[in-house]
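Trainee: Residue numbers (our numbering), protein chains in the order written: chain A, 1 to 310; chain B, 1 to 87.
There may be inaccurate statements among the hints.
[Said to hold, decoys possible] Here are some, though not all, of the chain A residues that point toward chain B, as calculated from beta-carbon distances under 10 Å:
#, residue
1, 18
2, 23
3, 56
4, 64
5, 88
Keep in mind that the hints were calculated from the coordinates and are not lab data. No residue lacks a Cβ here, since even glycine has one placed at the ideal position from N, Cα and C.
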Amino acid sequence: MATSIKDLPRDEVVMKGHGACAGCPSTLALRIAGKAFGPNAVCVMTPSCTVASLGLIPKAAYDYPILNVCFATAGSSASGIVYAYESLYKKGKLTGEMPTVFTWIGDGGTYDIGLQAISAAAERNDNYIFICYNNEAYSNTGVQRSGATPKFAATTTTPQGKMEDKKNMPLLMLDHQIPYLATASLAYPTDFYDKLVKAKNTRGFKYIEVFAPCCTGWKFPSSDMIRISRMAVTSGAWLLYEAENGKIKFNGPTAKIMEGKVELSPLEDYFSCQGRFASINRAANKEEIIAEAKNKILADIEFMKKRAAF
Amino acid sequence: MANKIYDEKYPVSYPMHGAGGKTGDWRLLTPRIDREKCSKCMLCWVYCPDAVIDRETLEIDYEYCKGCGICARECPRKAIVMIREEE
Ligand SMILES: Cc1ncc(C[n+]2csc(CCOP(=O)(O)OP(=O)(O)O)c2C)c(N)n1
Ligand code: SF4
Ligand code: SF4
Ligand SMILES: [Mg+2]
Numbered sequence: 001m002a003t004s005i006k007d008l009p010r011d012e013v014v015m016k017g018h019g020a021c022a023g024c025p026s027t028l029a030l031r032i033a034g035k036a037f038g039p040n041a042v043c044v045m046t047p048s049c050t051v052a053s054l055g056l057i058p059k060a061a062y063d064y065p066i067l068n069v070c071f072a073t074a075g076s077s078a079s080g081i082v083y084a085y086e087s088l089y090k091k092g093k094l095t096g097e098m099p100t101v102f103t104w105i106g107d108g109g110t111y112d113i114g115l116q117a118i119s120a121a122a123e124r125n126d127n128y129i130f131i132c133y134n135n136e137a138y139s140n141t142g143v144q145r146s147g148a149t150p151k152f153a154a155t156t157t158t159p160q161g162k163m164e165d166k167k168n169m170p171l172l173m174l175d176h177q178i179p180y181l182a183t184a185s186l187a188y189p190t191d192f193y194d195k196l197v198k199a200k201n202t203r204g205f206k207y208i209e210v211f212a213p214c215c216t217g218w219k220f221p222s223s224d225m226i227r228i229s230r231m232a233v234t235s236g237a238w239l240l241y242e243a244e245n246g247k248i249k250f251n252g253p254t255a256k257i258m259e260g261k262v263e264l265s266p267l268e269d270y271f272s273c274q275g276r277f278a279s280i281n282r283a284a285n286k287e288e289i290i291a292e293a294k295n296k297i298l299a300d301i302e303f304m305k306k307r308a309a310f
Numbered sequence: 001m002a003n004k005i006y007d008e009k010y011p012v013s014y015p016m017h018g019a020g021g022k023t024g025d026w027r028l029l030t031p032r033i034d035r036e037k038c039s040k041c042m043l044c045w046v047y048c049p050d051a052v053i054d055r056e057t058l059e060i061d062y063e064y065c066k067g068c069g070i071c072a073r074e075c076p077r078k079a080i081v082m083i084r085e086e087e
């Protein structure tokens, strides 16, 4: 049965007074992960906003042993930790429950710079949880475009709006035939929590991607972070699903969209509340652009319906 | 929470509140909860990215609350308002 908000554990991995922006989606996501994993976990991070928000020595803002590694080892560092643990447990040098090993990596580290080693770890079915928090840009270095930035979104390297479509990273990972994969949204924190717990209890390589609207990079008021997370799902711009051993199941509002029980909320509303899409509002061919973006969403939904029927 | 002081030998950080400073100073607007309206649904608690709302009492820790306004925006009872603090 799905967990309710009041059943969420008390564990707080996020210390008060961390260095992230007001309304940061990445820290909220990590806070929920801390509830799902409990105190017995080890985390790997690549350079990102989350690392920057850890704060200054001798204080650290997140209550886990955290290894900061270089981008290219986004996938392999956690593999090494898991191999070391498994061998120490086998030799009897460690006893008790093995810590949950997970990575906490941005979309830049996942979609682009770390991709090769992530693919290799998935193929080896290494026993850890790869978590990507997707804020659709290289936020920490000043919001440059990434492979996860959607078409038309302005970043500092695409000031007129990105011209290319984003990659479909969750689908790419699904086709590595891993035992568990899920997408999540912060507007549905208990769904995210349940997925994290499922991943924790599954052996092998797990991939979870959480959508993370970044007020600083996307140019919206910090108070709208959850609202925009929700609109991304209801407009179809972000699909919620999970796949156990490759079998896809849609969740929350996405399930209703797939069954044709609810209409998509207007994409225009999702665009108009974010400064990164401001050039669409100014464009002479505004209707055309929104129609193109909407058609892409409809095509993705049709594709995922067929993919789920396999 | 570990509370070790700075280790002279190794550059190791330990989890502590205020790693980014007294972040309450960043706040422009301050959330205030109206207890009469609140139904204790806990949505504000779960959505706070700074973990500054107490789970039991729903007391806000103003030393660290950054004033992002998410709690006020998401409260289904409109029990939280963002106010400008007096000097
Ligand atoms: C090999 C390498 N290239 C570039 C950088 C600079 N760098 C530091 S953080 C960062 C952004 C990472 O973006 P993402 O993974 O999406 O995380 P976010 O900052 O958005 O949280 C970059 C490019 C680096 N540290 N190492
Ligand atoms: S969200 Fe509003 S009603 Fe719910 S507990 Fe917080 S203040 Fe009370
Ligand atoms: S304003 Fe933001 S930081 Fe302050 S209590 Fe509300 S959600 Fe938390
Ligand atoms: Mg990013």
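Trainee: Let me make sure I understand: some of the numbered hints might not hold for this structure. Which ones are they, in numerical order?
Mentor: Per hint list: single violation, 5.
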